[in-house]
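*Asks:* Read off the chains here:
There are 2 protein chains.
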Amino acid sequence: MKFEKNYYSIRSNEVIFEKLEEEKEHIGYYRLPFENTDPIKEFASKNTKEDIVVLGIGGSSLGARAIYQFLRHKHDFSKRLFFLESTDPVDIRSQLEAINLENALFLVISKSGTTVETISILKYLSTRISLDHNNTVIISSKGSTLDSYAKENGLPFFFLAENVGGRFSVFSVVGLLPLALIGVDIDNMLRGAQKIYHSFFEKGKSYEELMEKARFIVENKYRFNINVLFSYSSALEGFNKWYVQLWAESLGKININGTRQALTPVGLIGPVDQHSFLQLIMEGKRDKTVTFIKVEDFEEEIFVPTKSPLSELDYLEGISFSKLIDMQADATIRSIAEQGDIPYDVITIDKVDEYNIAELIYSYELLVSIIGAFLQINTYDQPGVERGKILLKEMLTKSQ
Amino acid sequence: MKFEKNYYSIRSNEVIFEKLEEEKEHIGYYRLPFENTDPIKEFASKNTKEDIVVLGIGGSSLGARAIYQFLRHKHDFSKRLFFLESTDPVDIRSQLEAINLENALFLVISKSGTTVETISILKYLSTRISLDHNNTVIISSKGSTLDSYAKENGLPFFFLAENVGGRFSVFSVVGLLPLALIGVDIDNMLRGAQKIYHSFFEKGKSYEELMEKARFIVENKYRFNINVLFSYSSALEGFNKWYVQLWAESLGKININGTRQALTPVGLIGPVDQHSFLQLIMEGKRDKTVTFIKVEDFEEEIFVPTKSPLSELDYLEGISFSKLIDMQADATIRSIAEQGDIPYDVITIDKVDEYNIAELIYSYELLVSIIGAFLQINTYDQPGVERGKILLKEMLTKSQ
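Respectively, the protein sequence lines represent chains A and B. Take the first sequence: its letters are residues 13 to 412, numbered as in our numbering. Take the second sequence: its letters are residues 13 to 412, numbered as in our numbering.
Each statement offered as a hint is correct.
Note: identical chains are not told apart, hence a pair may lie in one copy or across any two.
Simulated pairs of lysine-lysine, DSSO-like, Cα-Cα distance not exceeding 30 Å:
id	residue 1	residue 2
1	K31	K297
2	K335	K217
3	K306	K410
4	K253	K86
5	K61	K319
6	K163	K58
7	K253	K306
Calculated directly from the structure, the hints in this document are not laboratory data.
Model the full assembly from the supplied sequences, consistent with the hints where possible.
*Replies:* Structural data, given as structure tokens:
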């Protein structure tokens, strides 16, 4: 008797856990929260420049920006952080107008050293200001052309390990250096990630929660092909974008069966998107799972006054906005729960600090690794974007 | 013989066209581009305040913001425009810090006059600065509580017609007043919308294009349940958000058959999202149609220099960034075209001005009306969001 097949069934949680244990040995992001941050802190402590400017796109900017946007209105950072990502000329010009070029430190971040956006902006920048060891830092792979460029010009250089992918690099120097430079307590941040690491790999609460969530998503991947992240804080808009990249680029793959996977991420901000996308969740086709993110305590005491010139909505009077937005989230969650056929979960962040955002980010990295393992895809590559790069190079070479 | 049914087939283009002709008589947005703008321009010309602050959310802010964000880095507006939308206390506090309250004009925009976010922020604002006819304007329905509030306090008042829905209100006073106040040529803007109106209702190019697109989307609504808008300009981020609201809230409905509709919008920005979502479009399940938006001429002449300290990617040298981003879009479009099974279309905007963005916006409004007519839904209501509002009121009343 002989048995052949071209399908697979969903593996047990135990098999997936072992897969992640094994990945820990060669996929670099898992152990990033435990790396020595002294060189980064030392470099940051010596910096005197006021504006920190990241030249980087995708995985080289989204992580640091997510954390910066989350923290910036709560923490009085003495320095400003900018991201030059896009080749949009209007964007480049208007951002450079806002930056004090003479008093700026430029972090050039490209793992390959050949990212079109980053290199073209770097070239343009060199026409605007002299780039040297006083104002330019390179973060790239060892042996890349940016590495050579740094050596030739005596620029400070931090290398990014080969086995850390861009979208999983926020706890490497890619995220840590810009954040340390503006004054984020990066060690406390990494402690948040470490906590999740231990909770997962020691089979604590994170193991239970993430395994159940990943399994549900995979078992229902064709029925619920869209995952909506509904974040109740304007400061989480950068996190939403980071999540969209992580999810789309990691899980948008063809699996070992040759089957195109279907999971699509959508990032929303509450309460604003209650007035936009919510109608579609409530009455549209049941093709979405919804994850709510709430902030337990904004530590921001502003209130709707008890006496105001407008009598309308007097039941709002005396409430804090922190409580109000929380109740708006709860009302939306309850209205979705009442539907009965929309799967949802709620993640509550204790407060707006670097420890809590790191917990959230590391949890999502693990979640995506677990889903990828269940789907039997390569979570860590992005072969689908190579073709466009080749075509662009052809078009550019021809146009000369 | 007798024939009964509980299904419907997709109507002919002619029937849909007649439906829109009939809607023109009672759905207010169609004729907005032809309204008299003199009262708005007159009010704007008398204003001396430097900061224009919109208190409004959803349809009361997304349209004006889309146009403002599109134009702001090309046009040197002498005034700044702010949007107080969210009840997020960190957002409220940080925005109010940036606004010069003493020199600000507040536009309170709520069709119903009972929008929780807008009214609570208005109440809070009254504790920070005295609101009177010198600094406060009300835009609401006739007879709303905001109308009474305006009358009691002698505030300037513009009314929003009952038959203009929030998400279709950008060419009404809701969008025109804030934009006129910062110096946008609103008459030229409306001419862009008028052009599309004529082209569609006189069965010109817009009729052909929009009908074919809507028909394809409706005929394939279950196969391609996600519509991706891939905009190649950072300045179109606000437009993407406006599109998401228009699409999700108009089309996320139960139709006359009792069937939940499936069309989900996703907004992307190129080239940034080439490094994020593109992998999923290329290798994920074929559940997406993709619309690219390109800007023909950014009128921004900055170049990658011909001599630069970095030899890498020398084929970029001498190219303008305007040309580069255009080629990046073309390379991405071609890589998607090569797949053969991803439906896409490309919209090219001539340049960054109010006329062109209005053409785009009005085209999308018509497109959504056409799709809604094909789907046999009510495109103009949003019953799914009412339940959350009721629950919030209950929770707030109980908590007192």
